[in-house]
Amino acid sequence: MHDPLLTVEDLQTHFFTEDGVVRAVDGISFDVAPGEIVGLVGESGAGKSVAVRSILRLVEDPGRIVGGEVRFRDQTLVGFEDDATAADTAGDDRSDDPGDEPGSQPGRPVPRPEMLSESAMRQRIRGNEIAIIFQDPMESLNPVYTVGGQLREFIELNRDLSGRAAREAAVEMLREVNIPDAERRYEDHPHEFSGGMRQRVLIAMALACEPSLIIADEPTTALDVTVEGAILDLVRDLQERYGTSFVWVTHDMGVVAEICDRVNVMYLGEIVEQAGVDELFHDTKHPYTQALLNSIPRPDETVEQLDPIAGVMPEAIDPPAGCRFHTRCPDAREVCTRRNPPCRTVVADGRPHRAACLKHESAFPEADYWASRPIGNLERPAPDARGDGDE
Amino acid sequence: MGIARYTLWRLVQAVPVLLGVVTITFLLANAIPGDPVQTMLGPSPSQAEVASIRAKYGLDQPLWQRYVNYLLDIARGDLGRSIYYETPVTTKIAERFPKTMLLMLSSYLFAIVVAVPLGVISAKRRNEPTDHAARVVSLIGVSTPSFWIGLMLILIFVFKLGLFPSTNLVLPWADPADVTGASTRIDVLGTALHHLALPVVALGTLQMAAITRIERSEMLDVLSQDYVTLARAYGVRERTILRKHAFRNAQLPVITIIGLQLASAIGGAILIEAVFSINGMGTLILTAIYNLDYPLIMGTTLVFSLFFLVGVILTDITYAYVDPRVSYGSKEV
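For the protein sequence lines, the chains are A and B, in the order given. For the first sequence, my numbering begins at 1 and goes up steadily by one. For the second sequence, my numbering begins at 1001 and goes up steadily by one.
Treat the hints with care, as some may be off.
[Stated by the list, open to error] With the Cβ distance kept under 7 Å, some of the chain B side facing chain A (calculated, not the full set):
hint, residue
1, 1048
2, 1226
3, 1227
4, 1230
5, 1235
6, 1245
7, 1248
8, 1249
9, 1319
10, 1324
11, 1325
[Unchecked claim] Below 25 Å or equal to it, Euclidean Cα-Cα: the simulated SDA-like pairs (lysine to any residue) are:
hint, chain 1, residue 1, chain 2, residue 2
12, B, 1244, A, 188
13, B, 1124, B, 1145
14, B, 1244, A, 18
15, B, 1124, A, 61
16, B, 1244, A, 135
17, B, 1124, A, 120
18, B, 1244, A, 146
19, B, 1244, A, 171
20, B, 1244, A, 163
21, B, 1124, A, 171
22, B, 1244, A, 139
23, B, 1124, A, 58
24, B, 1244, A, 184
25, B, 1244, A, 191
26, B, 1244, A, 159
27, B, 1244, A, 120
28, B, 1124, A, 60
29, B, 1244, A, 136
30, B, 1124, A, 123
31, B, 1244, A, 138
32, B, 1124, A, 118
33, B, 1244, A, 58
34, B, 1244, A, 187
[Unchecked claim] If you anchor each label on the Cβ, the simulated ranges turn out as follows:
hint, chain 1, residue 1, chain 2, residue 2, range
35, B, 1221, A, 314, 26 to 36 Å
36, B, 1015, A, 17, 46 to 56 Å
37, A, 168, B, 1098, 19 to 29 Å
38, B, 1015, A, 254, 52 to 62 Å
39, B, 1031, A, 149, 48 to 58 Å
40, B, 1237, A, 168, 21 to 31 Å
No wet-lab data here; the hints were simulated from the structure. These numbers come from a predicted model, not from an experiment. Cβ coordinates follow ideal geometry from the N, Cα and C atoms, glycine included.
Build out the structure end to end from the sequences listed, making use of the hints.
Now the structure itself:
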């Protein structure tokens, strides 16, 4: 296997609000190989957007990256000294823009020396190595400037092009994303574009900077289904031609099936299952993933009634003790209220399939799940106690 | 629609508004209790005197007749004769208007020049000491009446420190011969600025504070928009984001507020002229009201309304210029 392009390890981003600390991202790890489309799936509020923004260190106050590591190739985007919090000696390494850099303030983790400075992030990473596409194409373009002008500005910043050449590259890119009459549309303002067209513009923006990785933060959620389909086709086509890697954030399992190579399922700031897309759909290992799959219509199966996930997701400010999903989990047992399982490999052969569920006894022998009493969550019968014979 | 046609259209729209202003002012002025002729002639005038004055100013005609006559006069650019000054209203206004204009425009200039950077800095350094200081200043500014600020300024800078003159206003384009202690145009300009400083601060503080507050909140709002985050995500420098990606967008509501503040600035100017003994439109309108000088009341009100309307139209045009979505109404948003 290739060395991963992007590695996220135990990343933690918390929001320090007046009501308390919200652990929006609480120790997630995943990686992205070159040319791969990796999904990050979960309900709204699971922490997906915060997670991907943390990669580019774009989290805004009161949010702060408090721990973990993000590496891109051989560069450290996020990295802290082990077991050290800054003393009051701080202040000397804030020569850059006062952004949201996890600088050294009392009680904050100390950045390692190799962690890129804010200006290095700006000059070397943001845009030219990692580009991002946001969810809402209506809000992502500046209404007072022309679409072409914005595209050209980003191209000039992130590639060795300027003036006429940058303009031509911008028009070329608009053509690439199938915007008709690109030369003329270059001069138009965002309000003259439809939602789908604007999302094409944003994709053009991302590709135009020729990054190695594009983070797509629910880029099709705000679009209607036919437009979504067209955009997904476009992305797949461009991905094949440019070989760009993607981190694809979505809450839509249908989109995952359509576009992703590997998938990370997030619940309340944690990753609960990681697998290749086929394994995830056909050999689901985590009850939450199963619940997500049950809640979507599948064309290949006739289902009487869709099965929504019971209950609502708890507040991230006050997550349940033990496994965070146990309050809604049909398989929850007494031990689940006490132990919060990390993500461990449950199927070793082929691409590793990891899950954070105690019912996989081979991975969590210490939990003794099957000896524990079912808590009879949500009045649904627990699956027959066959041990983990299905593994 | 081009910007020229848009401007023309806005001007056409102003005509019915002005007509309404004329009508309401006319009725209101005539509804003021008291008789202008009596005010003019004192307690016991002779019947003949009263009748001749009434005939001279057309006050013997029925109200509707006077209204129609007034409209016809206005259409010819004639605002009638002042009963109190016994000169044409237009002459009086032409004499007073430049001072008020100078006062108001200078106050606006002062307000904008101070408020815009203050608001931007305040937003950029949110919850830092600079921001707190700016917010305290603007809160005091919006909640303090301008005449009180004027009186305090006179008390401190005129009577205690003796740094500024307290009365009248010198027009910067006045003839040096007419200005005491001035021999050149530069001297006149200096004297004018010297006289202008205190009234401008007194009148401009409210606008300055109001604009600062809206500038700050708009900048904060824009800085949290997705397109600003996107610019950041593509490696745009913070300075460029502030200057290019956020500033222009934040100005739209600021422009609106600047336009709307004109009304309060006109009211403020009347008070400030009284405080600083400036012979401008404000003093004129007060004199007109005290003396029940119908033509003068209506004339000054009309000019103020016209001034306000022009301000609002300019605001709209600026808005359309800054925000392509307005696009002079030709395209759907």
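We went through each hint and held it up to the structure:
A least Cβ separation of about 70 Å between residue 1048 of chain B and chain A goes past the 7 Å threshold, and the interface hint is therefore violated. Look at residue 1226 of chain B: its Cβ gets to within about 4 Å of chain A, closer than 7 Å, so that hint holds up. Nearest Cβ of chain A to the Cβ of residue 1227 of chain B: about 4 Å, under the 7 Å cut. The hint holds. Proximity of residue 1230 of chain B to chain A holds as hinted, the smallest CB-CB distance being about 5 Å (cut-off 7 Å).
Interface restraint check for residue 1235 of chain B: the shortest CB-CB distance to chain A comes to about 4 Å, inside 7 Å, so the restraint holds. With its C-beta approaching chain A no nearer than about 6 Å, residue 1245 of chain B sits inside the 7 Å limit, and its interface hint holds. Interface restraint check for residue 1248 of chain B: the shortest CB-CB distance to chain A comes to about 5 Å, inside 7 Å, so the restraint holds. Interface restraint check: residue 1249 of chain B against chain A, minimum CB-CB distance 6 Å, threshold 7 Å, status holds.
Hint status for residue 1319 of chain B relative to chain A: violated, with the closest Cβ pair at about 11 Å, above 7 Å. Checking residue 1324 of chain B against chain A: minimum C-beta separation of about 4 Å stays under 7 Å; hint holds. Of the supplied interface hints, the one on residue 1325 of chain B holds, with its beta-carbon coming within about 5 Å of a beta-carbon of chain A, less than 7 Å. Distance check on the hinted pair: residue 1244 of chain B and residue 188 of chain A sit about 18 Å apart at the alpha-carbon level, within 25 Å; holds.
For the hint linking residue 1124 of chain B to residue 1145 of chain B, the alpha-carbon distance of about 29 Å lies beyond 25 Å, and the restraint is violated. Proposed proximity of residue 1244 of chain B and residue 18 of chain A is contradicted: the alpha carbons are some 32 Å apart, above 25 Å. As the CA atoms of residue 1124 of chain B and residue 61 of chain A are separated by approximately 13 Å, the hinted pair is consistent with the 25 Å bound. In summary, the hint linking residue 1244 of chain B to residue 135 of chain A is supported, as the alpha carbons are separated by about 23 Å, within the 25 Å threshold.
The straight-line distance between the Cα atoms of residue 1124 of chain B and residue 120 of chain A is roughly 22 Å, inside the 25 Å bound, and the hint therefore holds. At most 25 Å may separate the alpha-carbon atoms for a hinted pair to count; residue 1244 of chain B and residue 146 of chain A meet this at roughly 13 Å. Simply put, residue 1244 of chain B and residue 171 of chain A have alpha-carbon atoms about 22 Å apart, close enough for the 25 Å limit, and the pair holds. Annotation: proposed proximity of residue 1244 of chain B to residue 163 of chain A holds, straight-line Cα distance about 18 Å (limit 25 Å).
Restraint check: the Cα-Cα separation between residue 1124 of chain B and residue 171 of chain A comes to about 34 Å, which exceeds 25 Å; the hinted pair is violated. Between the alpha carbons of residue 1244 of chain B and residue 139 of chain A the distance comes to roughly 17 Å, so the proposed pair stays at or under 25 Å and holds. Among the hinted pairs, residue 1124 of chain B with residue 58 of chain A is consistent with the structure: their alpha-carbon atoms are about 16 Å apart, no more than 25 Å. This hinted pair checks out: residue 1244 of chain B and residue 184 of chain A have alpha carbons roughly 24 Å apart, not beyond 25 Å.
With a C-alpha separation of about 19 Å, the suggested pair residue 1244 of chain B and residue 191 of chain A falls inside the 25 Å cut-off, and the hint holds. Using a Cα cut-off of 25 Å, the hinted pair residue 1244 of chain B and residue 159 of chain A holds, with the two alpha carbons roughly 20 Å apart. Taking the CA atoms of residue 1244 of chain B and residue 120 of chain A, the gap is about 22 Å. The hint holds against a cut of 25 Å. Distance check on the hinted pair: residue 1124 of chain B and residue 60 of chain A sit about 13 Å apart at the alpha-carbon level, within 25 Å; holds.
For the hint pairing residue 1244 of chain B with residue 136 of chain A, the CA-to-CA distance comes to about 21 Å; that is within 25 Å, so the pair holds. Proximity of residue 1124 of chain B to residue 123 of chain A is assessed by CA-CA distance (about 22 Å); at most 25 Å being required, the pair is judged to hold. Our distance criterion of 25 Å between C-alpha atoms is met by residue 1244 of chain B and residue 138 of chain A, whose separation comes to about 19 Å. A threshold of 25 Å between alpha carbons decides the hint, and for residue 1124 of chain B with residue 118 of chain A the separation of about 17 Å falls inside it, so the pair holds.
Between residue 1244 of chain B and residue 58 of chain A the CA atoms are separated by roughly 19 Å; this keeps the pair inside 25 Å, and the hint holds. A hinted pair counts as satisfied when its Cα atoms are at most 25 Å apart, and residue 1244 of chain B with residue 187 of chain A qualifies at roughly 18 Å. The beta-carbon spacing between residue 1221 of chain B and residue 314 of chain A, approximately 31 Å, falls within the hinted interval of 26 to 36 Å. At roughly 55 Å, the beta carbons of residue 1015 of chain B and residue 17 of chain A sit within the given window of 46 to 56 Å.
Against the hinted window of 19 to 29 Å, the Cβ-Cβ separation of residue 168 of chain A and residue 1098 of chain B comes to about 54 Å, which falls outside the hint. For residue 1015 of chain B and residue 254 of chain A, the Cβ-Cβ distance of about 59 Å falls inside the hinted range of 52 to 62 Å, so the restraint holds. Checked against the hint of 48 to 58 Å, the pair residue 1031 of chain B and residue 149 of chain A passes, with Cβ atoms roughly 57 Å apart. Range check, residue 1237 of chain B to residue 168 of chain A: about 25 Å between beta-carbon atoms, so the 21 to 31 Å window is met.
Of the numbered hints stated above, those contradicted by the structure are hints 1, 9, 13, 14, 21, 37, listed in ascending order.
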